[in-house]
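Chemist: Below, each chain spelled out in residue letters.
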Amino acid sequence: AQTVTQSQPEMSVQEAETVTLSCTYDTSESDYYLFWYKQPPSRQMILVIRQEAYKQQNATENRFSVNFQKAAKSFSLKISDSQLGDAAMYFCAYRSTPPRDGSGSRLTFGEGTQLTVNP
Amino acid sequence: SAVISQKPSRDICQRGTSLTIQCQVDSQVTMMFWYRQQPGQSLTLIATANQGSEATYESGFVIDKFPISRPNLTFSTLTVSNMSPEDSSIYLCSVRQGFGNTIYFGEGSWLTVV
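Protein sequences appear in the order of chains A and B.
Following the working numbering from start to finish, the first sequence increments by one per residue and tops out at 119.
Following the working numbering from start to finish, the second sequence increments by one per residue and tops out at 114.
For reference, chain A alone in the conformation it holds in the complex (with noise of 0.2 Å):
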């Protein structure tokens, strides 16, 4: 079965820096996807960005990027120019290539990182 980890419960960033948050997975396929979502208070889940195994290239949407390492099995999101309006809890996904019949459409889900935003 797949894990996801991030060990980083909470982080603080300044206004307008950068700030990275850390994901680790473990799993025996070589074929998958990575999300990160945010959930901000109101207790949505927002896609922020998405990264496909087979993709060396690594994701970028706009402030938002990632750092896909396949081989170290790890998956960190870059925030840059942080805003007030990225505090949010942070949650790195994993999930499997579906078959046709659309199974192991599951998301695994990492535990989350608070990330606050100081003005």
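These are calculated hints, taken from the structure and not from any lab test.
Please note that the accuracy of each hint is not assured.
[Said to hold, decoys possible] From chain B, some residues computed to sit far from chain A (all C-beta separations above 12 Å):
hint, residue
1, Gln-6
2, Gln-24
3, Asn-72
4, Phe-75
5, Thr-77
6, Ser-81
7, Ile-90
8, Gly-108
[As the list claims (entries may be wrong)] Listed next, the in silico SDA-like pairs over lysine to any residue satisfying Cα-Cα at most 25 Å (straight line):
hint, chain 1, residue 1, chain 2, residue 2
9, B, Lys-7, A, Lys-73
10, A, Lys-73, A, Tyr-25
11, B, Lys-7, B, Phe-66
12, A, Lys-78, B, Tyr-104
13, B, Lys-65, B, Pro-85
14, B, Lys-65, B, Pro-8
15, A, Lys-78, A, Thr-60
16, A, Lys-78, A, Tyr-25
17, B, Lys-65, A, Ser-7
18, B, Lys-7, A, Ser-42
19, B, Lys-65, B, Gly-98
20, A, Lys-78, B, Ser-42
21, B, Lys-65, B, Ser-9
22, A, Lys-55, B, Gln-97
23, B, Lys-65, B, Pro-39
24, B, Lys-7, A, Pro-41
25, A, Lys-78, B, Gln-41
26, B, Lys-7, A, Ser-7
27, A, Lys-73, B, Thr-102
28, A, Lys-73, B, Glu-86
29, A, Lys-70, A, Thr-116
30, A, Lys-78, A, Ser-42
31, B, Lys-7, A, Arg-43
32, B, Lys-7, A, Leu-47
33, A, Lys-73, A, Pro-9
34, A, Lys-55, B, Gln-41
[Stated by the list, open to error] Just a few of them, taken from the derived set where beta-carbon distance is under 10 Å, the chain B residues facing chain A:
hint, residue
35, Ser-1
36, Gln-41
37, Leu-45
38, Glu-107
39, Thr-112
Remember, predicted model here, so these are calculated numbers, not experimental data.
We put the CB at the ideal spot given by N, CA and C, even for glycine.
We have chain A; now place chain B onto it with these hints.
Modeler: Here is chain B on its own, set in the frame of chain A:
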């Protein structure tokens, strides 16, 4: 991405009662998922609901406690039966859609059992 609406967004429930959570998607999707997030914890998958077939439950979750309906490709319900304080959680509906079959979530239904 799909727009996913859940009702109720929040409720306080009496011990021993049941509550049905509704999930409406603005487009047709094959697979819908129900997750639970207990206070201060991460998300755990309860079950996968495909239209026209019985829901598939994860280990530790049973149909008698969490019956699910999936009458069409845009709607699903999750019932939390015979609630106890341990059922106090956020329940999230999600769908698989789009490039890379990304999983998108609804706003969640925050239940408190007293």
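Chemist: Can you give the numbers of the hints that this structure goes against, from lowest to highest?
Modeler: The structure breaks hints 1, 7, 8, 9, 17, 19, 26, 28, 29, 34 and 39; every other hint is satisfied.
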